[in-house]
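One letter stands for each residue in the lines below.
2 protein chains.
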Amino acid sequence: MSVRVAHTITEVRALVAEARSTGLSIGLVPTMGALHAGHGRLIERARAENAFVVVTIFVNPIQFNEASDYTAYPRALDDDVAFCEARGAHVVFAPSVQEMYPRPAGAFVQVEGVSEPMEGAFRPGHFRGVATVVAKLLNIVQADRAYFGEKDAQQLAVIRRMVDDLNFPVTIVEVETVREPDGLAMSSRNRRLSSAERRDALALHEALEHARSLVAAGELSPASIKARASAIFANYPAVRPEYLEIVDPAGMQPVEQITAPVRIAGAVRVGAVRLIDNVLARPPLQLDTVTSTGAFIEKPERMEEK
Amino acid sequence: MSVRVAHTITEVRALVAEARSTGLSIGLVPTMGALHAGHGRLIERARAENAFVVVTIFVNPIQFNEASDYTAYPRALDDDVAFCEARGAHVVFAPSVQEMYPRPAGAFVQVEGVSEPMEGAFRPGHFRGVATVVAKLLNIVQADRAYFGEKDAQQLAVIRRMVDDLNFPVTIVEVETVREPDGLAMSSRNRRLSSAERRDALALHEALEHARSLVAAGELSPASIKARASAIFANYPAVRPEYLEIVDPAGMQPVEQITAPVRIAGAVRVGAVRLIDNVLARPPLQLDTVTSTGAFIEKPERMEEK
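Chains as they are written, first to last, in this note's numbering: chain A, 1 to 306; chain B, 1 to 306.
Simulated from the structure, these hints should not be mistaken for lab results.
Glycine included, every Cβ here is placed at the ideal spot set by N, Cα and C.
Where hints are given, some of them may not hold.
[Stated by the list, open to error] Distance ranges between label pairs, derived from CB positions:
no., chain 1, residue 1, chain 2, residue 2, range
1, B, Asp164, A, Ser194, 52 to 58 Å
2, B, Ala121, A, Thr10, 48 to 54 Å
3, B, Gly125, A, Gly88, 45 to 51 Å
4, A, Pro102, B, Ala82, 41 to 47 Å
5, B, Leu24, A, Ala37, 29 to 35 Å
6, B, Ala121, A, Ser68, 43 to 49 Å
7, A, Leu24, B, Leu24, 20 to 26 Å
8, A, Val255, B, Pro102, 53 to 59 Å
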């Protein structure tokens with residue numbers, strides 16, 4: 001069966017309603033297109049867990065804080081539709097900006113706290129735009145499950161908080177990051193890197209992996225880890241780091257001391273391209289449970305393992 | 001059949017899912033309880049248009065900008081349940097604050113523009129709290145239609161804008177204001193008025209009706225109408241007016257000149273109680289269509305007639 005392409009809200013709702021009326025479960029994979037293997041894994045996971053899968057392709061203007069980034073963001077709808085079809089998606093929803101925002105957006109979803117550090121600090125308004133468009137897509141498609149990549153860990157935390165706090169009737173599923181053989185996280189923006197920039201782009205992965213290894217070896221001071229990991233950027237003069245932060249995985253707030261698994265996240269600019277990545281890091285013992293006497297209780301099972 | 005009372009999200013969702021599975025349409029009437037004939041009309045309208053009606057009763061703390069108003073807000077759950085049962089509602093959803101906000105709210109819906117004048121100016125954060133709790137209730141109940149009173153006209157405009165812009169899959173239905181025989185708009189807060197205050201409370205209705213009659217008589221200058229209508233408050237020294245404004249009915253922005261039906265809205269304080277009310281006013285001709293030459297085209301049919 002070939003994939004159906006819907007360009008309007010009315011069309012996609014009709015296709016979903018038809019599937020729903022026959023009792024099918026609905027999976028939603030929201031993307032900005034220029035699909036790569038990371039998106040492929042989202043679609044495959046959605047296919048495995050739902051009878052009917054909708055992939056949305058929409059470069060959402062209100063989440064771009066830089067006009068040049070919005071303009072330069074790669075678009076490849078024909079390739080994307082073929083990509084979705086090859087992976088068994090049932091519907092591609094590819095609306096125009098006019099369809100999604102027939103007038104300037106007036107209602108916004110704002111998620112406090114989790115939106116504020118890191119990407120929130122460097123990209124003012126970004127997460128408000130993300131939360132708003134995801135709220136719209138959830139309301140349009142009304143899926144049972146929606147799939148997001150771990151690569152955008154803070155985005156995922158923002159969406160989880162929105163869904164929990166506003167009681168959206170959907171289950172959010174996190175899917176692990178897909179990497180190139182050398183470790184670079186897959187990203188639509190990688191297409192914009194020159195070959196020299198492509199080599200430099202690895203600096204972020206290298207710094208994050210170094211930070212993770214330090215945590216695994218028992219270094220529990222974020223300040224020390226950040227300093228040592230960031231030193232790697234000195235080897236890449238064309239790379240301009242924006243931040244490298246160590247945060248609690250749910251609240252995305254910087255931690256003072258590492259006592260439990262942490263998310264280590266960073267952003268760099270390489271030429272005109274801005275890239276982000278992150279890893280989950282665990283201290284050698286699971287120190288996330290501290291008794292009232294201050295003693296640690298080891299928890300052998302790993303939390304948040306993907 | 002007697003009304004079912006649900007106190008948890010899980011319970012109300014199960015009751016709605018059961019009704020939905022048998023093909024019933026769902027109507028939602030969100031209230032803060034202390035039900036009166038105005039709510040009665042909402043429930044009756046919902047009953048007429050849906051096979052299954054859910055009334056929610058929740059005094060939403062995050063929409064109160066004054067702690068004393070939240071504390072003093074009347075609560076009467078047993079009476080309210082009997083009231084709903086008598087009018088044929090199927091479910092009363094009466095959650096605790098803990099159930100609705102198990103942790104401090106972190107995700108909010110903010111509606112720009114329409115939220116800002118009048119109530120928005122006098123009650124900072126009020127509409128953010130309203131939009132947020134209505135988003136939650138829409139997501140919890142997933143009704144086909146939701147019913148709101150014209151008395152809270154700006155609230156209704158905020159909710160319409162939220163539903164339109166965020167694509168909530170629900171139809172918003174506006175139900176006309178119910179008044180006491182002397183014209184006072186029904187309000188749960190009326191219960192808190194002493195008998196002297198009850199007499200003074202009529203000042204707002206009187207001022208709004210005077211303003212409406214001026215518009216109907218052809219006075220098209222908001223400044224002049226506001227001055228003449230507000231003069232009525234001088235007869236009521238115990239009444240402290242907060243605003244009397246003439247706005248476009250959808251956008252809730254003050255108009256410079258009346259060329260189409262307008263909403264005239266006001267707020268007053270009588271003792272410790274704050275009251276609001278509004279009327280729709282029409283100029284003698286429907287002047288809402290102006291040709292490029294500046295000539296008026298009469299539109300005989302009435303717009304937004306309830």
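Right, here's what the structure says about each hint:
| no. | hint | verdict |
| --- | --- | --- |
| 1 | B:Asp164 x A:Ser194: 52 to 58 Å | violated (44 Å) |
| 2 | B:Ala121 x A:Thr10: 48 to 54 Å | violated (37 Å) |
| 3 | B:Gly125 x A:Gly88: 45 to 51 Å | holds (47 Å) |
| 4 | A:Pro102 x B:Ala82: 41 to 47 Å | holds (44 Å) |
| 5 | B:Leu24 x A:Ala37: 29 to 35 Å | violated (45 Å) |
| 6 | B:Ala121 x A:Ser68: 43 to 49 Å | violated (37 Å) |
| 7 | A:Leu24 x B:Leu24: 20 to 26 Å | holds (21 Å) |
| 8 | A:Val255 x B:Pro102: 53 to 59 Å | violated (23 Å) |
The earlier numbered hints that this structure contradicts are 1, 2, 5, 6 and 8.
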